[in-house]
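Chain A is already provided as a structure; the job is to place chain B on it using the hints.
Protein chains in written order, with numbering that gives the first Met the number 0: chain A, 0 to 293; chain B, 0 to 274.
If you are wondering where the hints come from, they were derived from the structure by calculation, not from laboratory data.
Hints may contain errors.
[As the list claims (entries may be wrong)] Under the rule of at most 30 Å between Cα atoms (straight-line distance), these lysine-lysine pairs were calculated in the DSSO-like manner: (1) K135/A - K218/B; (2) K134/A - K95/B; (3) K189/B - K59/B; (4) K218/B - K189/B; (5) K103/A - K141/A; (6) K15/B - K135/A; (7) K82/A - K216/A; (8) K47/A - K25/A; (9) K27/A - K96/B; (10) K64/A - K95/B; (11) K218/B - K141/A; (12) K218/B - K110/A; (13) K1/B - K110/B.
[Stated by the list, open to error] According to the in silico footprint, chain B covers these stretches of chain A (three or more CB under 8 Å from chain B): (14) 58-71; (15) 109-122.
[Said to hold, decoys possible] Quick partial rundown of chain B residues pointing at chain A, CB under 7 Å, derived from the structure: (16) K1; (17) Q2; (18) K9; (19) H12; (20) H16; (21) S17; (22) L19; (23) Q94; (24) K95; (25) C97; (26) I99; (27) M100; (28) P105; (29) S107; (30) E272.
In this text, all values refer to a predicted model and were calculated from it rather than measured experimentally.
Cβ atoms here follow ideal geometry from the backbone N, Cα and C, with glycine treated the same way.
If you want the building blocks of each chain, they are given just below.
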Amino acid sequence: MTLYEHTFENNPIPYEIRKVSKSYGKFKALDDVSFTLPWGKIVGLLGKNGAGKSTLMRCMLGYLKHEGQVSLDGFALGHRDHKVFNQVAFIPDVNGLDDRLTVKQTWDYVKNMNPHFNIDRAERLMAKSSLPMNKKVAKLSKGMKTKLYLLLTLSLDVRYLLLDEPTLGLDIAFRKEFFNIILGEFFDEQRTIFISTHQVEEVEDILQEIIFIDQGKIILNEEVEQLKERLHVITLPADRIAELQAHNPKVINHTLGFVSAIMDSRIELEGAIYNRPNLADIFMEYVGGSNETV
Amino acid sequence: MKQFKTLITKEWHSHKHSFLIPSYVVAAFFILLGIASIWGSIRFGLPEFDFENDIVHDPKDVIWTLHYAMSVVIAWFAILTSITINDSMLNGDYQKKCEIMHNSQPVSMVKILAAKLSFSIPMMLVQYLVLACISSLIVSAVLAFFGFNGWFLGLHAVISPFLMILVSMLALTSIFWMFSCFFRKQAALKFWLVMIVIDLLRLMITRIWPISHMFSPYKYYIKLLLMPFSMIKIKSTGFNFGWDSMDIGSNLLSLFISILMFIAGYYLYKQRELS
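Pulled out of the complex, with its shape left as it was, chain A reads as follows (with noise of 0.2 Å):
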């Protein structure tokens, strides 16, 4: 057995990340980060912005030096470690494709340097794509952009993929096309997605599993399902306010007439309206903060 050609028996801790650190000057970008990623799970990473959600991914990926360690089936990854990509595909927040090139040079591109490339998967992904091959990838618009570096990653047989923030200042209907399109050809129970998004809503769906992450520090890792039954909102009207202040919730939100607040499910208040949250609502109880943030 070599390395990274291990399997889920006999190494069942993949993605490893322990105590991981990283540190700008004085700014603590990341404070003792240690979670470990499964496998065939998709995995949300929450956080506001600035809390360190792309400083993580790029330290896992060996891209930033950091304090701690992050190892992949059992192997410590160091800085600039190519054999990561063996195992990991990896989307930035920015459309990071090679202007210079054409669609077709930067298929040709990723297809001899890396041996993960499925040439068959590829050439259907292409086709349904209608992506221009002969045009320089600068003439392409965002969304052609994105679209193109989302089939050149999906066509790696890889393990994980990790996004960070993959569908900022695109579309809804991209947006959606493109989340279809990586379940329906990238996830299944031997393959991991880990993805930082701020559009909560669109990926709630979808989510497994929940790590927040607030000024570097993960503050929940969690099972979204069971996120949501261990906690309920409870709504009552505005002049009941003082019960649910009562609890000490970080946020309580004002509608008309009525104030709400997340709750531990084994809380409950007489005449109490009971909703299950959602993960925005979630973000807020545990992180706090403007909307906006999310």
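Leaving out everything else, chain B in the frame of chain A:
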């Protein structure tokens, strides 16, 4: 090998116009010369040369020097292009914001940098040699038209400065390579600034202490940069290209320093963070 070829192809797609600057210059020169010659021939008629009597005492010296000068001028353009292309190859991906895409493939840093280096030195040398030979053949063909057989003489003059040009190209490219590996922007400018600062320090030290000979890196690299123009020597003959007159010790030292610069550049480049 497939990855290496792909990396070279990528460099070609990204930098082919910069890479071909020496070819563009030579082509422009011959096109202008051709136009001027045609215009001159129409206006004044074809010139007549008597190679035995009219042109200096030994026409072979003049023609050999002409070929030699042509070769070193082309080499100079090749060296300048090689220096410039280093910076755009090492930092172009960062400046074009596609660094992550190119560094998200399972390919080692050694291979990536070796491909960039192959593009900026061996391939540039091949271009220089091809251009110098083609230029020499064109000039020889024109001279043959006027009755002078200088084919071998021309090629001899083209090959003669090759070793000096190789040493000069390696020394200059390697230092700029190292600076480009360290600085992501304006590496060449920063190189000259560092050289000037070092030289100012050197001048201050020599003023304060009575040190008569202190090495000046600034002067060294200026000398290297102008080396192609100061290499014209007395014509050698036959299969002797005059290489035996080269200073083996200093050239080997220069080669050794070049290798150190390339290795240092690799480590500096590997330390870079991507964001």
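Hints versus structure:
Distance check on the hinted pair: K135/A and K218/B sit about 44 Å apart at the alpha-carbon level, beyond 30 Å; violated. In summary, the hint linking K134/A to K95/B is supported, as the alpha carbons are separated by about 18 Å, within the 30 Å threshold. Only pairs whose Cα atoms come within 30 Å are accepted, and K189/B paired with K59/B is rejected, the gap being roughly 45 Å. Taking the CA atoms of K218/B and K189/B, the gap is near 16 Å; set against the 30 Å cutoff, the hint holds.
Distance restraint check for K103/A and K141/A: the Cα-Cα separation of roughly 17 Å lies within the 30 Å cut-off, and the hinted pair is therefore satisfied. Annotation: proposed proximity of K15/B to K135/A holds, straight-line Cα distance about 15 Å (limit 30 Å). A C-alpha spacing of about 27 Å is found between K82/A and K216/A, which places the hinted pair at or below 30 Å, so the restraint holds. At roughly 20 Å between alpha-carbon atoms, K47/A and K25/A fall within 30 Å of each other, so this suggested pair holds.
For the given pair, K27/A sits about 25 Å from K96/B by alpha-carbon distance, which is consistent with the 30 Å threshold. For the hint pairing K64/A with K95/B, the CA-to-CA distance comes to about 23 Å; that is within 30 Å, so the pair holds. Pair hint K218/B plus K141/A does not hold up; C-alpha atoms about 49 Å apart against a cutoff of 30 Å. Between K218/B and K110/A the alpha-carbon distance is near 47 Å, which puts this suggested pair outside the 30 Å criterion.
The hinted pair formed by K1/B and K110/B meets the criterion: a straight-line CA distance of about 11 Å does not exceed 30 Å. For the region 58-71 of chain A, the stated coverage by chain B holds: 4 residues have a C-beta nearer than 8 Å to a C-beta of that chain, and at least 3 were required. By the rule of at least three residues with a Cβ nearer than 8 Å to a Cβ of chain B, the coverage given for the region 109-122 of chain A holds, with 6 such residues. Interface restraint check: K1/B against chain A, minimum CB-CB distance 5 Å, threshold 7 Å, status holds.
The beta carbon of Q2/B comes within 6 Å of a beta carbon in chain A, closer than 7 Å, and the hint placing it at the interface holds. Proximity of K9/B to chain A holds as hinted, the smallest CB-CB distance being about 6 Å (cut-off 7 Å). For the restraint placing H12/B at the interface with chain A, the shortest Cβ-Cβ distance is roughly 5 Å, inside the 7 Å limit, so the hint holds. For the restraint placing H16/B at the interface with chain A, the shortest Cβ-Cβ distance is roughly 10 Å, beyond the 7 Å limit, so the hint is violated.
Given hint, S17/B at the interface with chain A, is violated; its Cβ is 11 Å from that chain's nearest Cβ, farther than 7 Å. With a least beta-carbon distance of about 15 Å to chain A, the hint placing L19/B at the interface is violated under the 7 Å criterion. Among the interface hints, the one on Q94/B is violated; its C-beta lies about 11 Å from the nearest C-beta in chain A, farther than the 7 Å criterion. For K95/B, the shortest C-beta to C-beta distance to chain A is roughly 6 Å, which falls under 7 Å, so the interface hint holds.
Taking 7 Å as the C-beta cut-off, the interface hint given for C97/B holds, the closest approach to chain A being about 4 Å. A distance limit of 7 Å between C-beta atoms decides the matter here; for I99/B the minimum to chain A is near 5 Å, and the interface restraint holds. Checking M100/B against chain A: minimum C-beta separation of about 5 Å stays under 7 Å; hint holds. A cut of 7 Å between beta carbons decides the hint on P105/B: the least distance to chain A is about 4 Å, and the hint holds.
Taken as an interface hint, S107/B checks out: its beta carbon lies about 5 Å from the nearest beta carbon of chain A, inside 7 Å. This hint holds: E272/B has a C-beta 5 Å from the nearest C-beta of chain A, less than the 7 Å allowed.
Checked against the numbered hints above, the structure violates hints 1, 3, 11, 12, 20, 21, 22 and 23; every other hint is satisfied.
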